[in-house]
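S.K.: Given the coordinates of chain A, work out where chain L should sit on it, guided by the hints.
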Amino acid sequence: PCRAVQMFMKMNNIPFDYHHIDLAKGEQQSEAFLKINLFGRAPAIKDGDFRVAESIAILQYLAAKFSTPDHWYPKDITARAKINEYLCWHHNNTREGATGIFFNAVIGPKVRQQPRDEEVIKTAKTKLSATLDMLENYFLKGHSFIASDQISIADLLALCEFTQIERLDIDVGKKRPNVKAWREQVIAKLGSHFDEAHEIIIDLAKHLNVTAEPFE
Amino acid sequence: MSKIDFYSFFASPPCRVVHTFLEIAKIPYEYHTIDLIKVEQQSEEFRKINPHGKVPAIVHDGFLLTESIAIVQYLAQKFKTEDHWYPSDSKKRAKIDEYLCWHHSNCRQGTGVLFFHVAIATNVRKQPRNEDVIKERKAKLTDVLNFFENYFLKDSKFINSDDISIADIAAIIEFQQIKYIGIDIGKTRPNVKAWRDRVIARLGPTFDTIHEPLGKMTEPMQITEDFE
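Sequence lines, in order, name chains A and L. Note that this note's numbering has the first sequence beginning at 41, numbered continuously upward. Note that this note's numbering has the second sequence beginning at 14, numbered continuously upward.
Think of the hints as simulated: they come from the structure by calculation, not from any bench. Quick caveat: nothing in here was measured; it's all calculated off a predicted structure. It is possible that some hints are incorrect.
[Stated by the list, open to error] Below, in silico cross-link-like pairs of lysine-lysine (DSSO-like), each with a Cα-Cα straight-line distance of 27 Å or less:
id	chain 1	residue 1	chain 2	residue 2
1	L	Lys-61	A	Lys-167
2	A	Lys-115	L	Lys-153
3	A	Lys-162	L	Lys-67
4	A	Lys-150	L	Lys-153
5	A	Lys-181	L	Lys-61
6	A	Lys-181	A	Lys-167
7	A	Lys-215	A	Lys-167
8	A	Lys-115	A	Lys-162
[As the list claims (entries may be wrong)] Residues on chain A that point at chain L, a partial pick, calculated with CB under 8 Å:
id	residue
9	Val-92
10	Ile-117
11	Thr-118
12	Ala-121
13	Trp-129
All C-beta atoms, glycine included, are put in the ideal place defined by N, C-alpha and C.
Bound conformation, chain A alone (with noise of 0.2 Å):
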């Protein structure tokens, strides 16, 4: 979700100030953070005494108040429902199946040294299947974008759920011709900047050691 939104402030030339708020020292609950976001979760922004979370609710905002070019959020009511119902379903779908994986078989065992839960991984890789059967078969069908002929926040925020797994070598476009033509214009389309917002996640997985995960 940060990178998210991080990536479509570069990507429109949206002025920030970045403050890193590293979240294995927990520093999002931190008393000065949560004056910030109550939640004590990262992304969050502050515009002037203004702050808005939730990494969804930051691009809405920001496509508004940026007026940034329409593809990203359309105005028209009927695209941009199709696009809010991809941004509904993605909460317990594609991101309860990506980050399941990944804090289960990363950030559980490396970072807070908790032991693999099979069964919970399990689930999350069903949960990733299904979800990514969805984008094939109806959310990228007869699109070359989720729900739309061109990019939108709705591509941002599934590749950064991917791009997390492919970490653990986890190939979503494996199987499934869509969604890695979807992948491969999303990250074309974002170049450079996609680059930049992914460094440190590169450097993680390193420093962590993380090998890959098994997924079909």
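M.R.: Coordinates of chain L only, in the frame set by chain A:
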């Protein structure tokens, strides 16, 4: 503008969210029951209308839309409902959107899953109570209600706003279902109590009517679940 074809079932909270908004905003619609107990959502007939086999779903002038929150956002904009339901001001809207995002992974996880395990799994599907899951979901519900008490309702009469919005409808529907398993969300939280009473009063008789079938279904179960 033509009316909405609305595919729904009384037992589904997201369906009740859409149903409540259609009624309160006086949007013309036709209700089509898709009986989830009979698994009608998987029927060939319904799949022709909605290939996902999910409810709630609407079809409006040939346009299919699923996901309750996306549906109510669409309805508010398409039918130009009163601004407070989904404000056009970007800051006010952002605070409603912030809640609606948080809702998926929080409110729903603390209420819907709890209701399922306490009422449906045990009383309808005759499965043994899963005490671990129930305990975990009650802990989630505690966190959720604390956020309501101390953040969403701290300085405002409604969720992040001084007037009722689709955020309040989404939340109240989730919380109302656990009333049927004997949980009073306002018991130890005065902001939550006041908000709940205010929202229900504002929604009026529509709210009671929409909940009647759920009440009839749960009344024989006589469940009083412990929760503080």
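S.K.: The structure should be examined with respect to each hint, and the outcome stated for every one.
M.R.: Status of each hint after checking the structure:
Annotation: proposed proximity of Lys-61 of chain L to Lys-167 of chain A holds, straight-line Cα distance about 25 Å (limit 27 Å). Distance hint between Lys-115 of chain A and Lys-153 of chain L is unfulfilled; the C-alpha atoms sit about 36 Å from each other, more than 27 Å. The suggested pairing of Lys-162 of chain A with Lys-67 of chain L holds, with an alpha-carbon distance near 24 Å, which does not exceed 27 Å. Distance hint between Lys-150 of chain A and Lys-153 of chain L is fulfilled; the C-alpha atoms sit about 26 Å from each other, no more than 27 Å.
Restraint check for Lys-181 of chain A and Lys-61 of chain L: satisfied, since their Cα atoms lie roughly 17 Å apart, inside the 27 Å limit. Between the alpha carbons of Lys-181 of chain A and Lys-167 of chain A the distance comes to roughly 20 Å, so the proposed pair stays at or under 27 Å and holds. For a cut-off of 27 Å, the pair hint linking Lys-215 of chain A to Lys-167 of chain A stands: about 16 Å separates their Cα positions. Using a Cα cut-off of 27 Å, the hinted pair Lys-115 of chain A and Lys-162 of chain A is violated, with the two alpha carbons roughly 39 Å apart.
At about 5 Å, the closest approach between the beta carbon of Val-92 of chain A and any beta carbon in chain L falls short of 8 Å, and the interface hint on this residue holds. With a least beta-carbon distance of about 5 Å to chain L, the hint placing Ile-117 of chain A at the interface is held under the 8 Å criterion. Evaluation of the Thr-118 of chain A hint against chain L yields a held restraint, the C-beta minimum of about 6 Å falling below 8 Å. For Ala-121 of chain A, the shortest C-beta to C-beta distance to chain L is roughly 4 Å, which falls under 8 Å, so the interface hint holds.
Evaluation of the Trp-129 of chain A hint against chain L yields a held restraint, the C-beta minimum of about 6 Å falling below 8 Å.
Hints 2, 8 from the earlier list are contradicted by this structure; the remaining hints agree with it.
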